[in-house]
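Undergrad: Listed here are the chains, written in short residue letters.
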Amino acid sequence: MTETRVQEIAGAARRGPAGVNAGFSATKSQHELTGLWTLMRFILRRDRVRLAVWTLSIIATYGYFVTVLGAMGQEALNARGEIMHSPAGIMMGGPGFGVVDGQDYTLGIAMANEMILWVVLTLGVMAIFHIVRHTRADEDTSRSELIRANVVGRHATAVAAFLTLVLTLVAIAVLGALAMHGANTEAMPLVDAFGMTLGVSAAALTFGAAATIFCQITEHPRGAIGMSMAFLGLMYVVRTAGDMAGAVADPATNGSLLSWVSPIAWAQQMRPFYDLIWWPVLLSLGLTVLFLAVSSMLATRRDYGLGMVAAKPGPADATASLRSPFALAWRQQRTGFWIWLVSMGVMWGATGTMVPDIADMGMEMLADNEVFGQIFDLDPAAGMELFAVQFMGVFGMFIALTYVAYAISTFNRLRTEETAGRLEGVLATPVSRTRVLLAQLAVTAIGTTAIMLSSMFLMWAGAASAGMDSPGLGRYLLTGVVYLAAIAVFVGFVVVLFGWAPSKTGLGWVLLGYGLLIGVFGNLFLQEAPEGVQSFFQGINPLYHAPAAFGGEWNPGGFVALIAVAAALIALGLAGFRRRDVNKV
Amino acid sequence: MTNPIEIQGLDKSFGTVKALNGLDLTVRPGEVAGFLGPNGAGKSTTIRVLLGLLKADGGSVKLFGKDPWHDAVELHKRLTYVPGDVSLWPNLTGGEAIDLLARLRGGIDTQRKADLLERFQLDPTKKARTYSKGNRQKVALVAAFASDVELLILDEPTSGLDPLMESVFTDFVREEKAKGRSVLLSSHIMSEVEKVCDTVTIIRKGTAVESGTLADLRHLQRSSVRAYVGADTTEAAVASLPGVHDVSIAPSGDGNHLRFDVDNDHISGVLAQLGAVGVSGVTVNPPSLEELFLRHYGDDLSRPQGERAPAGPKVA
Numbered sequence: 001m002t003e004t005r006v007q008e009i010a011g012a013a014r015r016g017p018a019g020v021n022a023g024f025s026a027t028k029s030q031h032e033l034t035g036l037w038t039l040m041r042f043i044l045r046r047d048r049v050r051l052a053v054w055t056l057s058i059i060a061t062y063g064y065f066v067t068v069l070g071a072m073g074q075e076a077l078n079a080r081g082e083i084m085h086s087p088a089g090i091m092m093g094g095p096g097f098g099v100v101d102g103q104d105y106t107l108g109i110a111m112a113n114e115m116i117l118w119v120v121l122t123l124g125v126m127a128i129f130h131i132v133r134h135t136r137a138d139e140d141t142s143r144s145e146l147i148r149a150n151v152v153g154r155h156a157t158a159v160a161a162f163l164t165l166v167l168t169l170v171a172i173a174v175l176g177a178l179a180m181h182g183a184n185t186e187a188m189p190l191v192d193a194f195g196m197t198l199g200v201s202a203a204a205l206t207f208g209a210a211a212t213i214f215c216q217i218t219e220h221p222r223g224a225i226g227m228s229m230a231f232l233g234l235m236y237v238v239r240t241a242g243d244m245a246g247a248v249a250d251p252a253t254n255g256s257l258l259s260w261v262s263p264i265a266w267a268q269q270m271r272p273f274y275d276l277i278w279w280p281v282l283l284s285l286g287l288t289v290l291f292l293a294v295s296s297m298l299a300t301r302r303d304y305g306l307g308m309v310a311a312k313p314g315p316a317d318a319t320a321s322l323r324s325p326f327a328l329a330w331r332q333q334r335t336g337f338w339i340w341l342v343s344m345g346v347m348w349g350a351t352g353t354m355v356p357d358i359a360d361m362g363m364e365m366l367a368d369n370e371v372f373g374q375i376f377d378l379d380p381a382a383g384m385e386l387f388a389v390q391f392m393g394v395f396g397m398f399i400a401l402t403y404v405a406y407a408i409s410t411f412n413r414l415r416t417e418e419t420a421g422r423l424e425g426v427l428a429t430p431v432s433r434t435r436v437l438l439a440q441l442a443v444t445a446i447g448t449t450a451i452m453l454s455s456m457f458l459m460w461a462g463a464a465s466a467g468m469d470s471p472g473l474g475r476y477l478l479t480g481v482v483y484l485a486a487i488a489v490f491v492g493f494v495v496v497l498f499g500w501a502p503s504k505t506g507l508g509w510v511l512l513g514y515g516l517l518i519g520v521f522g523n524l525f526l527q528e529a530p531e532g533v534q535s536f537f538q539g540i541n542p543l544y545h546a547p548a549a550f551g552g553e554w555n556p557g558g559f560v561a562l563i564a565v566a567a568a569l570i571a572l573g574l575a576g577f578r579r580r581d582v583n584k585v
Numbered sequence: 001m002t003n004p005i006e007i008q009g010l011d012k013s014f015g016t017v018k019a020l021n022g023l024d025l026t027v028r029p030g031e032v033a034g035f036l037g038p039n040g041a042g043k044s045t046t047i048r049v050l051l052g053l054l055k056a057d058g059g060s061v062k063l064f065g066k067d068p069w070h071d072a073v074e075l076h077k078r079l080t081y082v083p084g085d086v087s088l089w090p091n092l093t094g095g096e097a098i099d100l101l102a103r104l105r106g107g108i109d110t111q112r113k114a115d116l117l118e119r120f121q122l123d124p125t126k127k128a129r130t131y132s133k134g135n136r137q138k139v140a141l142v143a144a145f146a147s148d149v150e151l152l153i154l155d156e157p158t159s160g161l162d163p164l165m166e167s168v169f170t171d172f173v174r175e176e177k178a179k180g181r182s183v184l185l186s187s188h189i190m191s192e193v194e195k196v197c198d199t200v201t202i203i204r205k206g207t208a209v210e211s212g213t214l215a216d217l218r219h220l221q222r223s224s225v226r227a228y229v230g231a232d233t234t235e236a237a238v239a240s241l242p243g244v245h246d247v248s249i250a251p252s253g254d255g256n257h258l259r260f261d262v263d264n265d266h267i268s269g270v271l272a273q274l275g276a277v278g279v280s281g282v283t284v285n286p287p288s289l290e291e292l293f294l295r296h297y298g299d300d301l302s303r304p305q306g307e308r309a310p311a312g313p314k315v316a
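Sequence order for the protein chains is A and B. The working numbering puts the first residue of the first sequence at 1, with every later residue one more than the last. The working numbering puts the first residue of the second sequence at 1, with every later residue one more than the last.
Chain A extracted, bound-state conformation (with noise of 0.2 Å):
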């Protein structure tokens, strides 16, 4: 630092009043980014498997759905058209570009309007783990200290996670287009590809600087990517919200002033494929631009280690109640508990706002439209109540989903404890092995029920409060139910890999991400297959179980057998945990 201002001021002596503000720029930049090749490919190498996967699996998503959506004929596709203008399908797609009455809903605005909204959130979460990957979390480790007490500049390691993610991303963006060209060069137009996936690319780069702010705010990388992912999401509701209000104020619309403020609009905007603008990518490009200036800023505030917020002096002593496993990990836990508890409340219960107002605009179409109500198995006689259910049975959805993250991450916090050595510690006092992996169930186990019958109650308030009172409360607590069984299964499936191959625990996102796109696409990807290979492609989902949501029989069977699974499964991996070594790798 001394040295820095003795050369500043050197080279402001030598080049006179006009040279000052250059020396004082270059030799700062110097210093801040020494190193900055070096670390880049320290990156590319250390990450070369899973930048590789990232990139080569989106690419491939990419052509993949040209050619699927294009071997469907344009009347099916067109019949899609339809679905896209209900508002589960601008909740799952996009504004509607291109999406009109009676003209064909062509391949590539079917892309454009389908696509985006989904590479946006995966890229954005690529993004967000690896720039949280790359600076915070080594910082924790304190592997970074070994880098930054080397020739290395104070922001060099940001710097250089965050230009690696943009060459990933502009990889993505280049090679994603080639590839939807590739696959149908006549639909497919190169310029309205590569302006759909620089889009994209730019939104997930904002969601990256999002995180680079984060990581300054909070000391832990788990704590930065859960407000990074929260921010993502945020930016989801957002754009859904926005909308869902254009479409509900007029039909013709595509969005609302609401959705621009998300980056995941900006990429919608551009309307690909159907009257190509550019400029909203200099929104996403202004942002990122603006995020690290908040960063680098903070950056410099701080020192290396901590967060923004010193720590402050603690409790002497432990409450009284701290005695157990039980009371760790619920001690662990309950911060972030509080936050899902609080966040998800307030989420739902304004989504259940809105249910009557979206399910009128469903009804009107319904009316309209014969196809629709064919596709969704609707008869338009059985009025607004069954249209309502049938649209909740995909928030619904969306919710479990959601849940079985917090979950997963919840039990798979026990792993974490003992790669750090913590459970070692715990388990050298007289606590079985059984009680430990029990208490971190269980903490698990309330948390998720606590969370989701709250966001349940608070979504058929808000549905209520609104004037929608049917189904009542009990259905919405029942379907509550019938998720947390399907939950418990995903939760079995991460225990038995925490007992059996516990570096593997990593396995059960796998499983969630299979059930998003299963759950999402799987009609899609499916509709051609036998019906054999459809259930079993399904099946695996342990969601496709649970008996039927909002609307429908209450299947007692179906629920007792996800309960059985769910404890065969957790009884498996205690098992497991029982005969096999405590150990950090």
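These aren't lab readings, by the way, just hints derived from the structure by calculation. Here the structure is a predicted model, which means the values were calculated and not measured. We put the beta carbon where it would ideally sit given N, CA and C, even for glycine. No false leads were slipped in.
Computed from the model, here is a short list of chain B residues facing chain A with C-beta under 7 Å:
| id | residue |
| --- | --- |
| 1 | Leu51 |
| 2 | Leu53 |
| 3 | Leu54 |
| 4 | Val73 |
| 5 | His76 |
| 6 | Thr93 |
| 7 | Gly95 |
| 8 | Glu96 |
| 9 | Leu100 |
| 10 | Arg103 |
| 11 | Leu104 |
| 12 | Arg105 |
| 13 | Thr125 |
| 14 | Lys127 |
What follows is a set of in silico ranges between Cβ atoms, one per label pair, in the way DEER data are often shown:
| id | chain 1 | residue 1 | chain 2 | residue 2 | range |
| --- | --- | --- | --- | --- | --- |
| 15 | B | Leu214 | A | Trp37 | 53 to 61 Å |
| 16 | A | Ala568 | B | Asp11 | 29 to 37 Å |
| 17 | A | Thr319 | B | Glu175 | 24 to 32 Å |
| 18 | B | Asn285 | A | Glu145 | 29 to 37 Å |
| 19 | B | Gly65 | A | Ser57 | 51 to 59 Å |
| 20 | A | Gly557 | B | Glu74 | 41 to 49 Å |
| 21 | A | Glu145 | B | Thr16 | 27 to 35 Å |
| 22 | A | Trp37 | B | Glu210 | 49 to 57 Å |
In silico DSS-like cross-links for lysine-lysine, where the CA-CA straight-line distance does not exceed 27 Å:
| id | chain 1 | residue 1 | chain 2 | residue 2 |
| --- | --- | --- | --- | --- |
| 23 | B | Lys62 | B | Lys77 |
| 24 | A | Lys312 | B | Lys126 |
| 25 | B | Lys18 | B | Lys62 |
| 26 | B | Lys55 | B | Lys77 |
| 27 | B | Lys133 | A | Lys312 |
| 28 | B | Lys127 | A | Lys312 |
| 29 | B | Lys55 | B | Lys66 |
| 30 | A | Lys504 | B | Lys55 |
| 31 | A | Lys504 | B | Lys18 |
Fit chain B to the given chain A structure using the hints.
TA: Showing chain B alone in chain A's frame:
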């Protein structure tokens, strides 16, 4: 009375790496047993088998006459454990972590805790994430010494402690011994073991290579002497003295650097002789464990690094 620790022919492998190979180790009631070995020798692996965290592949392991794998919970009521690399819950304060660990073991004497905090000069109100390595170590030590148990298993417990705190630690180990408790103290520092231990087991490559009381291992207790002397004839004069080993001399400036090892029994005679021939500087150091190993097992240790210590999972 059964021995607190009785290990015979213990084997443990991690994949293809053999971490323990027919290890024997005994700790008798009321005994402070040193467990010495270089990094990667298998000390921590042995201890983790004793705690029932790892399952033995072969041999017999008895804690108070019982199987540490099957009877872990019951046995853990009678022992306490301090790891060499303490990791704590980042969002708990040191005081909370101490209370938690002690309560899981059955309760804590608050007066004893206050006393220990005072002696170890540990601030219990800090969040664990802000503690240095030495302070994290103190948290584990306070939690261990605050418990009323029969056996203390200490795995390199002083790593990261400053010399003042090391001596506080030594005092507490002596106190525990006076109360009739048994201690297994793993270390790679000979001097630490010398201070408090009744017996020593030396482990290398997963096998106990030396075992006995400190007096039995007298032959391992030598000092390294370096002296700056005028005449190079001193070499011959020193080499002929009893208890002197490995003499070497190298010219330097106007005089010569003389280096040799001497059995501690004979050190006063050697120093007198050095004084007689004229010496302008002298340092006497206890040999490090590494030097002891070099001396006793130099043939094996001169092999390439990779063959010396089992790699792979943490076995230190």
